[in-house]
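Using the sequences and the hints, build the whole thing.
In order, the protein sequences belong to chains A and B. For the first sequence, our numbering gives the first residue as 1, with consecutive numbering after it. For the second sequence, our numbering gives the first residue as 1001, with consecutive numbering after it.
No wet-lab data here; the hints were simulated from the structure. Just so you know, not all the hints are guaranteed correct.
Straight-line alpha carbon distances no greater than 20 Å define the calculated PhoX-like cross-link-like pairs of lysine-lysine that follow [what the hints assert, rightly or not]: (1) B:Lys1112 x B:Lys1102; (2) B:Lys1228 x B:Lys1153; (3) B:Lys1112 x A:Lys3; (4) B:Lys1154 x B:Lys1228; (5) B:Lys1248 x A:Lys71; (6) B:Lys1127 x B:Lys1112.
All of these numbers come straight from a predicted model, not from anything done at the bench.
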Amino acid sequence: MAKILIPTPLRQFTGGSDAVNVSGGTVGEILAALTTSVHPGLRTNLFTPEGKIRSFVNVYVNDEDIRYLEKDSTAVKDSDTISIVPSIAGGR
Amino acid sequence: MSAVAAPPVTLTPEEIRRYSRHLILPEVGMDGQVKLKQAKVLLVGTGGLGAPMALYLAAAGVGTLGLIDFDVVDESNLQRQVIHGTSDVGRKKIESAEASIKEINPNVRVVKHETALTSDNAMEILKDYDIVADGTDNFPTRYLVNDACVLLKKPNVYGSIFRFEGQASVFAMEDGPCYRCLYPEPPPPGLVPSCAEGGVLGILPGTVGLIQATEVVKLILGIGEPLKGRLVLYDALNMKFRELRLRKNPECPICGTHPTIHKLIDYQQFCGVVAEPPKSTLPEIDPVEVKAKIDRGDKFVLIDVREPHEHQIGNIPFAKLIPLGDVAKRMNELNVGDEIVVHCKSGVRSAKAANLLRESGFKNVSNMKGGILAWSDKVDPSVPKY
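Structure below.
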């Protein structure tokens, strides 16, 4: 199972967990499983009502942005780490 | 040959003594210290990130520091904005920051811009600086700073924080990605909480601000590998630094191959800030009326959707605690026919909870206007505000 790192702003939807292990062959499958069966509360934060990944949320497999890989179809191995990196604006 | 050559910039004996530990570093030396002295750096915001940047860049000998801020020092700033002290509460931040900078290094020229950065003044303010360091706290200003830097071809040294987590990068360098390459669009208002709503570990902006200050100094000196095309993620709780690769997006609307943005736009509108949040038909109820209902013994359920640690700071004893993140899975504790009033700190999260309940079939849901802050103002001042 690939490991998904959950950023601070979204941990309120994972019961405080900073990492979740989810099975699946591609990024799309893994995120679908994460946001339906595992932590459904994440769904509206990660996806638009049309089911697209929100544009202020980036998804990385290891250190590479999936927009520059195969997007949702990017293959994921069990040893891979998926990072969800939403924009944050705090500075003061 | 020009008729009048400008005299070469040198260091005074006092400066040579002050910067001795720089001067003996071959990577800095006299030439590097003179570069620092000639450098003009603009700090956007003198808060959590701006404070450590200003203090260290002043100490390092950056010749000109521009400060933009229109805020005054508040007690709740002191937990992290180390450039301001207890006696500065109520004082303008740029005045307080200037005093601290001058105390550390009177050689620094401080340029004060007591204003909000806007599309109307950004180009004029930024054009005089070599490097811009972004320490703001909101999305409209972040996109504004980015776009102005791209248009003026000035590096944008970026840092951002939330709770225990920070991000840093250097945007808008030649051939490097910009903030829009990373995040083409801002989140809709309300979806990502600010530090004021979500809290921040006081030390965190120190770490992230000093990553920014380090990058500023490296850019001035032209040494090392700039944090270009890389995003550093810092997790204070696990004490982990990670690095993600950033690419210049060929389709970026401002720095891509066919840019569609050629001048600054309306960033409030871009970030959806002015567009009134869809005034749904969500009923609101005043805290005074909620108090009256409790006193009358009306049959209704009052739900506090804040986090348990916030509930602990101060609460309405009648209220049942169901944090916003748990509302979806704890709805079964409520009856569809119940009269439900929800509240949070100020009314934003409870509006989300109320909408969630209504979408799930609860008919009689209202939002307590102004949250526990309004309760403290209007009903029970013994409930502390935070």
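Results for each hint:
1. Straight-line distance between C-alpha atoms of B:Lys1112 and B:Lys1102 comes to about 13 Å, which keeps the hinted pair within the 20 Å bound.
2. Under the criterion of a C-alpha separation no larger than 20 Å, the hint pairing B:Lys1228 with B:Lys1153 is consistent with the structure, at around 14 Å.
3. Our distance criterion of 20 Å between C-alpha atoms is broken by B:Lys1112 and A:Lys3, whose separation comes to about 47 Å.
4. Pair hint B:Lys1154 plus B:Lys1228 holds up; C-alpha atoms about 13 Å apart against a cutoff of 20 Å.
5. Our distance criterion of 20 Å between C-alpha atoms is met by B:Lys1248 and A:Lys71, whose separation comes to about 16 Å.
6. Between B:Lys1127 and B:Lys1112 the alpha-carbon distance is near 15 Å, which keeps this suggested pair within the 20 Å criterion.
The structure fails hint 3 only (numbered hints given earlier).
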